[in-house]
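Chain by chain, the residues:
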Amino acid sequence: MSTTLSYTLVITGAPWASQAPQTALAFARAAIAGGHRLDRVFLYGEGVHLASSLCAPPSDEPHWPQQWSDFLSDNQIPAVACVASALRRGLVDEREQNRYQLPAHNLRNPFEIAGLGEWVDGTLKSDRVMYFHGSA
Amino acid sequence: MSTTLSYTLVITGAPWASQAPQTALAFARAAIAGGHRLDRVFLYGEGVHLASSLCAPPSDEPHWPQQWSDFLSDNQIPAVACVASALRRGLVDEREQNRYQLPAHNLRNPFEIAGLGEWVDGTLKSDRVMYFHGSA
Amino acid sequence: MTTLIVIDQAPYGSWAGREALDMVFSLAAFDQPAALLFTGVGVNWLRTAQSAKGVGQKTVEKNLSAAPLFGVEKIFAEQEACERFMPDTSSRLAGIDLVASVKNLMTQYDHVVFAG
Amino acid sequence: MTTLIVIDQAPYGSWAGREALDMVFSLAAFDQPAALLFTGVGVNWLRTAQSAKGVGQKTVEKNLSAAPLFGVEKIFAEQEACERFMPDTSSRLAGIDLVASVKNLMTQYDHVVFAG
Amino acid sequence: MNQIPDTGTLHILNKAPGHPRFVACLAAMSNQDTLILIENAVLALPDTDTVLPRQTLALEPDLEARGLSGTAEPGQQISHQQLVQLTEQHPRIISW
Amino acid sequence: MNQIPDTGTLHILNKAPGHPRFVACLAAMSNQDTLILIENAVLALPDTDTVLPRQTLALEPDLEARGLSGTAEPGQQISHQQLVQLTEQHPRIISW
Numbered sequence: 002m003s004t005t006l007s008y009t010l011v012i013t014g015a016p017w018a019s020q021a022p023q024t025a026l027a028f029a030r031a032a033i034a035g036g037h038r039l040d041r042v043f044l045y046g047e048g049v050h051l052a053s054s055l056c057a058p059p060s061d062e063p064h065w066p067q068q069w070s071d072f073l074s075d076n077q078i079p080a081v082a083c084v085a086s087a088l089r090r091g092l093v094d095e096r097e098q099n100r101y102q103l104p105a106h107n108l109r110n111p112f113e114i115a116g117l118g119e120w121v122d123g124t125l126k127s128d129r130v131m132y133f134h135g136s137a
Numbered sequence: 002m003s004t005t006l007s008y009t010l011v012i013t014g015a016p017w018a019s020q021a022p023q024t025a026l027a028f029a030r031a032a033i034a035g036g037h038r039l040d041r042v043f044l045y046g047e048g049v050h051l052a053s054s055l056c057a058p059p060s061d062e063p064h065w066p067q068q069w070s071d072f073l074s075d076n077q078i079p080a081v082a083c084v085a086s087a088l089r090r091g092l093v094d095e096r097e098q099n100r101y102q103l104p105a106h107n108l109r110n111p112f113e114i115a116g117l118g119e120w121v122d123g124t125l126k127s128d129r130v131m132y133f134h135g136s137a
Numbered sequence: 522m523t524t525l526i527v528i529d530q531a532p533y534g535s536w537a538g539r540e541a542l543d544m545v546f547s548l549a550a551f552d553q554p555a556a557l558l559f560t561g562v563g564v565n566w567l568r569t570a571q572s573a574k575g576v577g578q579k580t581v582e583k584n585l586s587a588a589p590l591f592g593v594e595k596i597f598a599e600q601e602a603c604e605r606f607m608p609d610t611s612s613r614l615a616g617i618d619l620v621a622s623v624k625n626l627m628t629q630y631d632h633v634v635f636a637g
Numbered sequence: 522m523t524t525l526i527v528i529d530q531a532p533y534g535s536w537a538g539r540e541a542l543d544m545v546f547s548l549a550a551f552d553q554p555a556a557l558l559f560t561g562v563g564v565n566w567l568r569t570a571q572s573a574k575g576v577g578q579k580t581v582e583k584n585l586s587a588a589p590l591f592g593v594e595k596i597f598a599e600q601e602a603c604e605r606f607m608p609d610t611s612s613r614l615a616g617i618d619l620v621a622s623v624k625n626l627m628t629q630y631d632h633v634v635f636a637g
Numbered sequence: 092m093n094q095i096p097d098t099g100t101l102h103i104l105n106k107a108p109g110h111p112r113f114v115a116c117l118a119a120m121s122n123q124d125t126l127i128l129i130e131n132a133v134l135a136l137p138d139t140d141t142v143l144p145r146q147t148l149a150l151e152p153d154l155e156a157r158g159l160s161g162t163a164e165p166g167q168q169i170s171h172q173q174l175v176q177l178t179e180q181h182p183r184i185i186s187w
Numbered sequence: 092m093n094q095i096p097d098t099g100t101l102h103i104l105n106k107a108p109g110h111p112r113f114v115a116c117l118a119a120m121s122n123q124d125t126l127i128l129i130e131n132a133v134l135a136l137p138d139t140d141t142v143l144p145r146q147t148l149a150l151e152p153d154l155e156a157r158g159l160s161g162t163a164e165p166g167q168q169i170s171h172q173q174l175v176q177l178t179e180q181h182p183r184i185i186s187w
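Heads up: the sequence lines are chains A, B, C, D, E and F, in that order. Residues 2 to 137 (the working numbering) are what the first sequence spells out, left to right. Residues 2 to 137 (the working numbering) are what the second sequence spells out, left to right. Residues 522 to 637 (the working numbering) are what the third sequence spells out, left to right. Residues 522 to 637 (the working numbering) are what the fourth sequence spells out, left to right. Residues 92 to 187 (the working numbering) are what the fifth sequence spells out, left to right. Residues 92 to 187 (the working numbering) are what the sixth sequence spells out, left to right.
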């Protein structure tokens with residue numbers, strides 16, 4: 002039971018549209034507490050909305066993008082939003098803003114934008130790949 | 002058959018997660034072609050993602066936020082994203098950006114941000130209120 | 522004009538149900554007659570002893586209890602779904618009107634609206 | 522490592538199915554063994570004569586026909602769902618392997634993945 | 092397009108067969124009501140497990156996208172223009 | 092927590108009863124498999140219409156949120172920590 006395993010977490014459900022980001026965060030915390038390693042968090046499809054820097058929920062409500070950012074930074078875990086999913090849905094970093102001549106960028110730190118190759122890499126290198134989908 | 006009616010359209014499904022924005026646009030065009038008036042388009046829940054100015058789908062794919070913007074401007078139809086839905090999901094105009102000290106704003110022209118009162122007003126004043134939901 | 526807001530989605534899994542509540546409260550705030558109907562798995566909103574802290578959310582039970590105070594005229598629930606998910610009546614919130622026929626109830630309102 | 526990507530959602534209603542296709546193509550591009558399985562209403566992806574211009578989209582039929590060229594090993598479909606939605610076999614795309622037991626097929630893959 | 096009675100409720104359904112709201116919609120329909128299948132719901136036409144109400148119409152672009160133009164009777168297919176006309180005739184509309 | 096066999100597949104299900112994928116998940120389970128109900132799927136416990144597999148567990152925070160702590164047997168409720176342990180023991184995991 003005390004073996005250290007490596008995990009890739011894939012989140013495909015958006016905050017507010019699903020519980021996926023909050024369930025994934027609780028799982029991630031428990032995995033770290035259990036002595037495991039998180040190789041990478043990969044946002045896909047609707048899950049990319051978790052990486053928005055512009056969410057401003059009421060102050061007495063949970064702020065999942067903020068909670069995720071803090072967790073990722075504190076534990077130095079790489080997190081990637083799939084570029085194709087993100088561009089369609091309006092999640093861009095400064096590089097994509099310039100490339101597509103968009104009026105702003107809204108990718109929250111420390112999320113990065115990259116391709117599906119990062120997911121393939123996770124399926125090859127991590128001991129476990131966990132998926133957190135929407136429930137609708 | 003030739004009576005002119007007024008419509009409020011409510012869109013609750015997001016582009017790419019649902020067909021709601023494209024179905025609503027086809028309906029809106031047909032309503033205008035049929036001699037009717039659109040009082041207002043109201044984005045609610047996940048539907049607020051339609052108002053993003055940062056979507057950059059591949060050039061050979063439909064760009065629903067752009068199509069909607071063009072349609073609204075050409076026909077001078079007011080369009081409103083619900084403020085509570087929008088703030089949670091990271092859709093903000095310059096005013097909300099300043100109020101919540103956010104790093105950018107991403108509300109597409111000519112969409113505006115307002116409260117549910119605009120929806121209530123629609124249910125009271127328009128002859129028909131049409132809802133376009135997600136299908137998942 | 523009377524409006525029936527229908528909630529047929531499970532609680533806590535998404536924000537859709539809360540946004541339906543906001544709609545009904547908004548109608549009531551503008552003095553428009555409005556009622557709520559819970560159907561299917563949506564009736565699980567009406568269970569007692571909810572405690573959502575562990576999923577990082579606020580418990581919706583309180584919002585529902587406040588509904589009459591804010592002018593929401595009625596809270597209805599589909600009887601068959603209540604019997605399916607909450608056969609023990611003590612697990613149901615008080616003040617709910619069970620309806621045997623969703624079809625008949627819907628015909629009594631000018632507008633029938635889902636939130637998403 | 523073998524992966525089975527499962528599509529159980531209807532075509533054109535959302536982007537989820539297309540994003541599942543992107544996953545399977547991506548695996549194939551990195552020379553990883555990958556197959557597709559269509560179940561439930563998802564089998565309607567496999568119907569002939571699709572024409573999505575009227576809903577402002579590109580027809581997915583072509584993407585599917587390209588799957589073998591891009592190295593996707595197999596395209597499976599749940600037999601029961603095909604008989605339910607496409608009883609006339611002439612309305613089904615060619616090159617599909619019908620499976621009687623989704624359960625048995627899934628046990629033959631290391632990873633079984635839904636796209637959303 | 093078939094003769095549409097100008098009474099009854101217009102039910103606009105966009106969920107695929109098997110979705111809980113698909114089932115709920117059919118159960119809530121009265122005899123004088125009209126069902127319009129749009130988006131994923133047009134898959135109800137070829138579905139051998141679904142019994143549809145007598146007065147059922149379906150949106151043509153959604154049928155075409157899914158390769159289903161052939162499964163609908165000619166009078167069952169409606170354009171967006173005809174959908175707008177139906178909403179003129181029906182003050183009561185429920186979008187499922 | 093019950094004794095978990097370290098073979099078989101771990102099925103993690105987050106859809107409410109009545110969702111097509113809920114039904115598909117149950118149909119895809121073998122005898123040696125384990126079912127974990129999370130999020131909306133915990134509503135399967137009080138659902139009098141659902142027959143669950145022998146080896147069914149449910150995530151405690153999701154049960155508590157929905158007022159269902161009382162409907163699960165004590166050994167059926169698992170924490171996130173225990174869920175992580177189950178993923179250690181099961182190389183094959185399907186998230187429905």
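No lab work stands behind these hints, which were simulated from the structure alone. Virtual Cβ for every residue (Gly too), placed ideally from N, Cα, C. Each hint should be verified, as a subset may be incorrect.
Not the full set, but computed from the structure, chain C residues with beta-carbon under 7 Å of chain A [to be verified]: (1) GLY534; (2) SER535; (3) TRP536; (4) GLY577.
Discussion item. Would the hint on GLY577 of chain C be counted as holding, given a Cβ-Cβ threshold of 7 Å to chain A?
Written reply: holds, 4 Å
Fill in: Hint check: 7 Å Cβ-Cβ cutoff, SER535 of chain C to chain A
holds, 5 Å
Discussion item. Using the nearest Cβ pair, does GLY534 of chain C come within less than 7 Å of chain A?
Written reply: Hint on GLY534 of chain C: holds, closest Cβ of chain A at ~5 Å, below 7 Å.
Worksheet item: At a threshold of 7 Å, is the proposed contact between TRP536 of chain C and chain A supported by beta-carbon distances?
Response: Status holds, d = 4 Å.
Of the hints listed earlier, there is not a single one the structure fails to meet.
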